[in-house]
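**Q** Numbered by mature numbering (1 follows the signal peptide of the UniProt record, and there is no 0), the letters in the sequence shown go through residues -20 to -1, 1 to 94 in order.
It should be emphasised that the hints constitute simulated quantities derived from the structure, not laboratory data.
Warning: the hint list may mix true and false statements.
Using 20 angstroms as the maximum straight-line C-alpha spacing, the simulated PhoX-like pairs for lysine-lysine come out as follows [what the hints assert, rightly or not]: (1) Lys34 - Lys45; (2) Lys34 - Lys57; (3) Lys94 - Lys57; (4) Lys34 - Lys4.
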Amino acid sequence: MKYRFALTIFLALTSAQALAHSEKESTTPANGAVVEDVPETIGLRFTDGMRLTKVEMIYASSAPKTLEVSSQSGFLKEFSLPLISMGTGIYQIDWRGLGIDGHPMNGTFSFEVK
């Protein structure tokens, strides 16, 4: 009886992990950060593999600028993308991608350069 219970718990936990979506773990700079200098790159880290399909930078009232993602193809957990320097102000980064489980994902983060 104990064996069946343990097996049931094990299967329930491993099944839940298999169905879990990849999530954004962190960004560099962190969301809401205030930095002194414009970073040369931005970073995105995910809990599982992600294929980024589009990343845009929005600065002030200018049109969104697409950041280069093609050099980092495949399902990766970490991405480092060159940032277009626009000087001081608030930078917003919008990203879209496909999780390794096949689900479309998107998100946004922002930071300020003083």
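**Q** Tell me if the straight-line CA distance from Lys34 to Lys4 falls inside 20 angstroms.
**A** holds (15 angstroms)
**Q** Taking 20 angstroms as the top limit, are the C-alpha atoms of Lys34 and Lys45 close enough?
**A** holds (11 angstroms)
**Q** Is the Cα-Cα distance between Lys94 and Lys57 20 angstroms or less?
**A** Not OK: Lys94 and Lys57 at ~30 angstroms, beyond 20 angstroms, violated.
**Q** Quick one, are Lys34 and Lys57 close enough, alpha carbons at most 20 angstroms?
**A** Holds: Lys34 and Lys57 sit about 16 angstroms apart, inside 20 angstroms.
Checked against the numbered hints given earlier, the structure breaks only hint 3 and satisfies all the rest.
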